[in-house]
Amino acid sequence: DTGVSQDPRHKITKRGQNVTFRCDPISEHNRLYWYRQTLGQGPEFLTYFQNEAQLEKSRLLSDRFSAERPKGSFSTLEIQRTEQGDSAMYLCASSLDTGHSNQPQHFGDGTRLSIL
Amino acid sequence: GNSVTQMEGPVTLSEEAFLTINCTYTATGYPSLFWYVQYPGEGLQLLLKATKADDKGSNKGFEATYRKETTSFHLEKGSVQVSDSAVYFCALSDSKSGAGSYQLTFGKGTKLSVIP
Numbered sequence: 010d011t012g013v014s015q016d017p018r019h020k021i022t023k024r025g026q027n028v029t030f031r032c033d034p035i036s037e038h039n040r041l042y043w044y045r046q047t048l049g050q051g052p053e054f055l056t057y058f059q060n061e062a063q064l065e066k067s068r069l070l071s072d073r074f075s076a077e078r079p080k081g082s083f084s085t086l087e088i089q090r091t092e093q094g095d096s097a098m099y100l101c102a103s104s105l106d107t108g109h110s111n112q113p114q115h116f117g118d119g120t121r122l123s124i125l
Numbered sequence: 007g008n009s010v011t012q013m014e015g016p017v018t019l020s021e022e023a024f025l026t027i028n029c030t031y032t033a034t035g036y037p038s039l040f041w042y043v044q045y046p047g048e049g050l051q052l053l054l055k056a057t058k059a060d061d062k063g064s065n066k067g068f069e070a071t072y073r074k075e076t077t078s079f080h081l082e083k084g085s086v087q088v089s090d091s092a093v094y095f096c097a098l099s100d101s102k103s104g105a106g107s108y109q110l111t112f113g114k115g116t117k118l119s120v121i122p
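As given, the protein sequences belong to chains A and B, one line each in that order.
For our numbering, add 9 to where a residue sits in the first sequence, where the first one is 1.
For our numbering, add 6 to where a residue sits in the second sequence, where the first one is 1.
Don't read these hints as lab results, they were simulated from the structure.
Owing to the predicted nature of the structure, the values given are computational and were not obtained by experimental measurement.
Note that beta-carbon positions come from the ideal geometry of N, C-alpha and C, so glycine has one too.
Treat each hint with caution, since some may be false.
[Said to hold, decoys possible] For each label pair, taking beta carbons as the anchor points, the in silico distance ranges come out as: (1) B:Lys114 with A:His109: 25 to 35 Å; (2) B:Thr34 with A:Glu77: 23 to 33 Å; (3) B:Gln51 with A:Ser75: 27 to 37 Å; (4) A:Leu64 with B:Glu21: 38 to 48 Å; (5) B:Gly15 with A:His109: 25 to 35 Å.
Kindly produce the complete structure, drawing on both the sequences and the hints.
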């Protein structure tokens, strides 16, 4: 068990550019989540995959954001035409599907996005 | 909707002092409750969890009891150490939130600093 890994750890880009982040979940976990965390706040839910299906998206996820999880393994989160307000830590988490709310989610170290 | 309220930080304690971080919640269903910890420069780690009323979660000397009557899940430790300095997040996962995603709803976090 190597844990959830995210790449890159840091991304600095100019406003208007597109960025893509990658998440590799724990291998046997079929649930994958993306969260966004801004300074001084707790993480906020963005979207959720069960295997390769994206089953839920938050209202926070504008149409500039898109996430994929091809083949139910790694996932990517893309932000198009980045804006200053997109600066945040983007966290990925995974968990095992047992049909109960008590399964803990395991988090990666996050990708910190800074928009110049 | 679901929400989690934590006591405002930062909290500064001397080594071996008693710690309490208050957490109350609002949920539409029957949530599972979690405490996550974020050490400087690291990702979120699960500290402890409780899945039903009167359950007590414990780990590394920390404890929290699921109190349904007061909708609370306060974190306690009898004697803190310098190494406990971190940001602590209370969170809930509710089977009735969203399309069965069991997404986590977090509090804003409480920063704890322990001085020798």
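Each hint, compared with the structure:
1. Range check, Lys114 of chain B to His109 of chain A: about 26 Å between beta-carbon atoms, so the 25 to 35 Å window is met.
2. At roughly 30 Å, the beta carbons of Thr34 of chain B and Glu77 of chain A sit within the given window of 23 to 33 Å.
3. Taken as a hint, the range 27 to 37 Å holds for the pair Gln51 of chain B and Ser75 of chain A, whose Cβ atoms sit roughly 29 Å apart.
4. Checked against the hint of 38 to 48 Å, the pair Leu64 of chain A and Glu21 of chain B passes, with Cβ atoms roughly 46 Å apart.
5. A C-beta distance of roughly 31 Å is found between Gly15 of chain B and His109 of chain A, which places it inside the suggested range of 25 to 35 Å.
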